[in-house]
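Participant: Each chain, written out:
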Amino acid sequence: MVVTVLGISGSPHRHGNTETLLDSFLDGARSAGASVEKVVLRDLTYSPCRGCNACHKTGECVVKDDAIALFDKILAVDCIAVASPIYTMGITAELKGLIDRGQYLWARKFVLKTLFFSDDHIRRHKGLFISTAGQNWDHVFDGAFPAMTAIFNGTGFEYYDNIIANNMDEFKGIKNHPTALKAAYAKGIEVTGVIEKLKGS
Amino acid sequence: MTIKVLAFAGSPRRNGNSETLLDWVLASMAEDPVVSIQKVPLTEANINICRGCNACEKLNKCVQRDGMDIYHDKIIEADCILLSSPIYCMGIAALPKALIDRAQVFRSRKYVLKLPVIPPERKGKRLGVFLASAGQDWSYVFDAAVPSVKCFFHVIDIKNEDVSYLMINHVDEKGAIEQHPTAKTDATNLGKTVITELKKRLSA
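Keeping their order, the protein sequence lines are chains A and B.
Counting from 1, position 51 in the first sequence corresponds to residue 148 in our numbering; the numbering is continuous, with no gaps.
Counting from 1, position 78 in the second sequence corresponds to residue 219 in our numbering; the numbering is continuous, with no gaps.
A couple of the hints might just be wrong.
[Unchecked claim] Simulated pairs of lysine-lysine, BS3-like, Cα-Cα distance not exceeding 27 angstroms:
{"no.": "1", "chain 1": "A", "residue 1": "K135", "chain 2": "A", "residue 2": "K210"}
{"no.": "2", "chain 1": "A", "residue 1": "K269", "chain 2": "B", "residue 2": "K315"}
{"no.": "3", "chain 1": "B", "residue 1": "K340", "chain 2": "B", "residue 2": "K180"}
{"no.": "4", "chain 1": "A", "residue 1": "K272", "chain 2": "B", "residue 2": "K199"}
{"no.": "5", "chain 1": "B", "residue 1": "K266", "chain 2": "A", "residue 2": "K206"}
{"no.": "6", "chain 1": "B", "residue 1": "K341", "chain 2": "B", "residue 2": "K202"}
{"no.": "7", "chain 1": "B", "residue 1": "K291", "chain 2": "B", "residue 2": "K266"}
{"no.": "8", "chain 1": "B", "residue 1": "K199", "chain 2": "B", "residue 2": "K180"}
{"no.": "9", "chain 1": "B", "residue 1": "K300", "chain 2": "B", "residue 2": "K180"}
{"no.": "10", "chain 1": "B", "residue 1": "K180", "chain 2": "A", "residue 2": "K210"}
{"no.": "11", "chain 1": "A", "residue 1": "K161", "chain 2": "A", "residue 2": "K210"}
{"no.": "12", "chain 1": "B", "residue 1": "K145", "chain 2": "B", "residue 2": "K199"}
{"no.": "13", "chain 1": "A", "residue 1": "K170", "chain 2": "A", "residue 2": "K296"}
{"no.": "14", "chain 1": "B", "residue 1": "K255", "chain 2": "B", "residue 2": "K315"}
{"no.": "15", "chain 1": "B", "residue 1": "K325", "chain 2": "B", "residue 2": "K264"}
{"no.": "16", "chain 1": "B", "residue 1": "K333", "chain 2": "B", "residue 2": "K291"}
{"no.": "17", "chain 1": "B", "residue 1": "K215", "chain 2": "B", "residue 2": "K180"}
{"no.": "18", "chain 1": "B", "residue 1": "K251", "chain 2": "A", "residue 2": "K154"}
{"no.": "19", "chain 1": "A", "residue 1": "K269", "chain 2": "B", "residue 2": "K291"}
{"no.": "20", "chain 1": "B", "residue 1": "K341", "chain 2": "B", "residue 2": "K215"}
{"no.": "21", "chain 1": "B", "residue 1": "K255", "chain 2": "B", "residue 2": "K180"}
{"no.": "22", "chain 1": "B", "residue 1": "K325", "chain 2": "B", "residue 2": "K255"}
{"no.": "23", "chain 1": "A", "residue 1": "K269", "chain 2": "B", "residue 2": "K340"}
{"no.": "24", "chain 1": "B", "residue 1": "K315", "chain 2": "B", "residue 2": "K199"}
{"no.": "25", "chain 1": "B", "residue 1": "K199", "chain 2": "B", "residue 2": "K341"}
{"no.": "26", "chain 1": "B", "residue 1": "K333", "chain 2": "A", "residue 2": "K269"}
{"no.": "27", "chain 1": "B", "residue 1": "K145", "chain 2": "A", "residue 2": "K269"}
{"no.": "28", "chain 1": "B", "residue 1": "K315", "chain 2": "A", "residue 2": "K161"}
{"no.": "29", "chain 1": "A", "residue 1": "K269", "chain 2": "A", "residue 2": "K135"}
[What the hints assert, rightly or not] Over 12 angstroms on every C-beta distance to chain B, these chain A residues come out as not near it, computed from the model:
{"no.": "30", "residue": "T101"}
{"no.": "31", "residue": "R111"}
{"no.": "32", "residue": "G187"}
{"no.": "33", "residue": "I261"}
In short, the hints are calculated from the structure, not lab data.
Don't be surprised by glycine CBs; every beta carbon is placed ideally from N, CA and C.
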């Protein structure tokens, strides 16, 4: 069975550092035989979560837009790679807007108890966070991790790994980073292999 | 003396817990006749997300024409800036994150173009307040929101030590904050403390 990988690019800036890093990961996965698709959030139309909590009663979001179709897609693949640059110490508003819209899945899991991911399901579904930051601080990604944990938990993915590179301002871009692009490519191969093995077992 | 207060209500849900917290602080501030308050619900502010184009590093302004044309100037004029947000998915909600990211123009002005954000005589005479509510009862539920908030105030020339925080966890359903044992008192006291401090600094 072919491993399916979905890359989600949360940068408003096309083909910048983060999307380039995501592309390298996806290329690695493709080279290992995965079926790869990339979604660019900038091209989609969706509004932020309204906090109306209607989903706590129905398990459905009252807002019908591109976010719902994307969550359907996320739930159907083996691996998601969620990418965002760090803006003001966090993920972009674009990606945060999408993640917040996953509230209806949280409601299904914890309020209505109509959605359940088994340990086996979670083990077979891998989520990765891909990010770059201009700052050279080590803690520059810390504000992003909890939101990533939220989306991976909500959609039934194991938080498999981070592919992150800081100090872009000094490197003058990801292409000048000594290891990041190669590491991302290798990670794409690695995770495809891991999932393939799990699917075969 | 007039103290200009600019308050951004960041929740997509109007009159929920974080906005109630904000309203308590504002009501306490409003008791002082020198205080002039403008409250801006971000649901009505028409602030687009940052496009990451970095044009502001050259132009000293944003290429987007939207609500930020108004709020950019108001942020500079205000003596006190408040921001409220609920915690969604362990972070600040997307609407206030959009406002914070659009403060990039101030960051470019300050660090790339090396131009002043506010006139020197107003430095140290502005205060910031961040108010948040969260459904979860975890003590660390606000941790990821705070660094973004610090960045926001930092680039508009409000120092870390001049930012006050009131963050209330374990309030989820609309109105839950009304039942909180200390939130209203703390908010009321915070409003008074901030105005007293501002008066002191502005008359210094």
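Participant: Taking the minimum C-beta separation from I261(A) to chain B, is that value above 12 angstroms?
Facilitator: About 15 angstroms separates I261(A) from the closest Cβ of chain B, which puts it past 12 angstroms; holds.
Participant: Is the straight-line distance between the alpha-carbon of K145(B) and that of K199(B) 27 angstroms or less?
Facilitator: violated (30 angstroms)
Participant: Straight-line Cα separation of K325(B) and K264(B) no greater than 27 angstroms?
Facilitator: Judged against 27 angstroms, a Cα distance of about 31 angstroms means the pair is violated.
Participant: Going straight from one Cα to the other, do K272(A) and K199(B) come out at no more than 27 angstroms?
Facilitator: Between K272(A) and K199(B) the Cα gap is close to 23 angstroms, so the pair holds against 27 angstroms.
Participant: K266(B) and K206(A) were given as a pair; does the straight-line alpha-carbon distance stay at or below 27 angstroms?
Facilitator: violated (48 angstroms)
Participant: Need the status of pair K291(B), K266(B): alpha-carbon distance at most 27 angstroms?
Facilitator: With Cα atoms ~17 angstroms apart, K291(B) and K266(B) stay inside 27 angstroms; holds.
Participant: Does the structure keep K333(B) and K291(B) at a Cα separation of 27 angstroms or less?
Facilitator: Distance of about 22 angstroms is within 27 angstroms: holds.
Participant: When you check the alpha-carbon spacing of K341(B) and K215(B), does it fall within 27 angstroms?
Facilitator: Since the Cα atoms of K341(B) and K215(B) sit roughly 22 angstroms apart, the hinted pair holds (cutoff 27 angstroms).
Participant: Can the restraint linking K269(A) and K340(B) be considered satisfied, given a maximum Cα separation of 27 angstroms?
Facilitator: It is violated: about 45 angstroms lies between the C-alpha atoms, which goes past 27 angstroms.
Participant: Going straight from one Cα to the other, do K170(A) and K296(A) come out at no more than 27 angstroms?
Facilitator: holds (19 angstroms)
Participant: Please work out if K315(B) and K161(A) have their alpha carbons no farther apart than 27 angstroms.
Facilitator: holds (23 angstroms)
Participant: If we take the beta carbon of G187(A), is the closest beta carbon in chain B still more than 12 angstroms away?
Facilitator: violated (4 angstroms)
When held up to the earlier numbered hints, the structure conflicts with 1, 2, 5, 6, 8, 10, 12, 14, 15, 18, 21, 22, 23, 24, 25, 26, 27, 31, 32 and fits the remainder.
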